[in-house]
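*Asks:* Take a look at the letters that make up each chain.
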Amino acid sequence: MTPGCACCRRYPLFDAALYSNMLIFDNNSRQVTNMDLLEFANGPALKVATGIFVIGAAWRLVFLLRMKKRVDLSEPRGGNETFGGLWMIASRSIHHGPVSDSIKAPIANAYLMHLVLAIVIFAAGAHIELIEKTFGIGWRELPHIAIRIATIVLLATIAVTIYRRLRHPVLRLLSNFDDWFSLLVTALVVATGLISAMVEGTDDNLLALHILSFDVLLIWFPFGKLMHAFLIFGSRYSTGVAFTHKGIRL
Amino acid sequence: MNDAVQRHPLEADKARFGIKEPQARFDLQGDMSDEERVATAMENFAKDINRTTATYMESCMHCGVCAEACHYYTQTKDPKYTPVWKLEVFKQAYKREAGPFAFFYRLFNLKKEVTIDQLEEWQELLYDSCTMCGRCSLVCPMGIDIATLVGQARHGMFKAGLVPHELHAVAERAEVEGSPLGATPEVFEERAEWMADEHETDVYIDKERADILVTMSSIEIMKYPNSIGATAKILNTLGESWTFRTEGYEATNFGMMSGNVDWQRHSTMKLIDAAIACGAKLVLLPECGHAYGALRWMGAAMLGKPLPFKVMHISEYLADVISSGRLKVRKVDQTVTFHDPCQVGRRGGATQAPRTVMGALGVDLQEMNPTADDNWCCGGGGGVVTIHRADELRYKVFELKMAQVEKTGANTVLSTCSNCRQSINDAKEHFNWDKNIESLLELVADNIIEEQQGR
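The listed protein sequences derive, respectively, from chains A and B.
FYI, this note's numbering numbers position 20 of the first sequence as 20, with every residue one higher than the one before it.
FYI, this note's numbering numbers position 323 of the second sequence as 323, with every residue one higher than the one before it.
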């Protein structure tokens, strides 16, 4: 069991003993209520969701990689194009380009969202335990209070994003089902995770809901904008290479 | 006279040299059915989809940051001018017809079929309100080169006969007459002769062999012919072996701007063939932004192999010969600001060249804010200046440029693009603005120190 992890002790789902192998739930080693729902969420639903995620994401990426590649025959200006591509992957993660002050607060909100998202995913004890059991590598968790604060901040940044998407004329025009569903399913995963960790004495329904919403997120991931987590590398790299070829500022 | 030339008369006595405002607009070309137009647009858009552009189409997060970089959005606050929204119908078609999950999109009708009404509506977004200046491409967090996608969308629009009247007209004139603005070989030769007299220099035309093939833009030939004399004077001072060739002197490429790849190729191949015919080692491009992109960056793709000669914008050439000490210029006691042509600087990578030249001239350069790669577009690029119905919007956008210039305190704006120059002159007339737009090339030519080392 994860040392010092109150929610994991309360919900032994994340106990190492619960996993007979990667993401497979062992029924016999726990004592929880609402077993069916939790078992479903963490068992077959998670397996199916993971399968759809892996196959869907791979299909989308392989589909793109198999497309014809444009070869620029023009005389290059002379920069190292591979470096330019890699540099753009990094540099576009930093505030860049000629944008007005009005966009700086939303950009800061997006930075914060991704930062605390990374903290919640990779520094929460339960998640680290899961990663360790799945991939065989683990690291020290952050204190629960830090994770809870990060999760609340994460929810706040998502709320700001939703509010802005509802209010800003450009975002209202651009937004489609993908935008709303991706935001809402992410918010649901985060909110249920937070509640299930914070509320004492609740049954496993909340945890099951947390895992079920995560299953939905995994299923949706390859089809919608959440794929930007992968696509960002190809998109930025391609432009970095093309711009370096022409000597354009990255 | 060719039918297209008669149908599209020119207007030579205005600040903007272009097609006369049509009494009846024909923004749909050809006699295709609506269904055929939609199918043709999508088919020709899809033809250009490659790994990079498909990745772009997949990657947009709808963050809207690009809107803040677009002069059309920032000046109007109309969300339809958000750069990536200008691609919406093509994104819709891509996802439904060509993307990795097209099957699902079609099966469940998750993305509807694009309609002719949508395409007609998008004509304004793709042509009237996008100069393909690429400012949006600088800010996209995903690194999507939106300007490239707009150019690609125009390919589909042209084939479907969905090009604004005047832009189609100049492109058609260029294809049938060799010049969008009436700069036929005869006219060009006459004007070159005139400029030779005016500048008391030699202008070489159709020399059998030359190291440098010199080209001009149609706007320069017809409206700012001093460019011919200025270029000749500089090259003669340097003792260069150079020539114009009547089979390829016109660097303007309205095929590219309107979206007709075949016409783009014809225009480009004239220059390439002319250069090869005279054994040129260098093709010198004029003060024209899109001409630079058309040959320097897209010429090899038109030829299908690397170009057998170097290509330089005139500002790059001037920076080169000045930096190497071959060309010496007098100091100019003048306060100026500089307007960066998007296609040479931000999109072309030659942002520093004019600054090297201005540094040698010793002008008091008051940079705009923002400037260089981040500079605001003049609003006339991408063929927009030709479209009369876009005038009001173009002037609205130009207010941004006016404010930028005003803040510098300079009375003279220098630039290295005749299309920017024309757009600014036209807006100057419209607003009764008291600033002047001048050519950097001409300023250099006027201030050459005659005793040069030469080669």
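Hint data in this document are derived by calculation from the structure and do not stem from the laboratory.
Just so we're clear, the structure is a prediction, and the values are computed from it rather than from any experiment.
Each residue gets a CB set at the ideal place from its N, CA and C atoms; glycine is no exception.
Check each hint, because a few of them may be wrong.
[Claimed, not checked] From chain B, some residues computed to sit far from chain A (all C-beta separations above 12 Å):
id	residue
1	Thr52
2	Thr55
3	Ser137
4	His266
5	Glu429
[Unchecked claim] Within a straight-line C-alpha distance of at most 25 Å, the following computed BS3-like cross-link-like pairs (lysine-lysine) qualify:
id	chain 1	residue 1	chain 2	residue 2
6	A	Lys246	B	Lys281
7	A	Lys69	B	Lys305
8	A	Lys68	B	Lys95
9	A	Lys246	B	Lys47
*Asks:* Identify every previously stated hint that the structure contradicts and give their numbers, smallest first.
*Replies:* Per hint list: 1, 2 and 3 violated.
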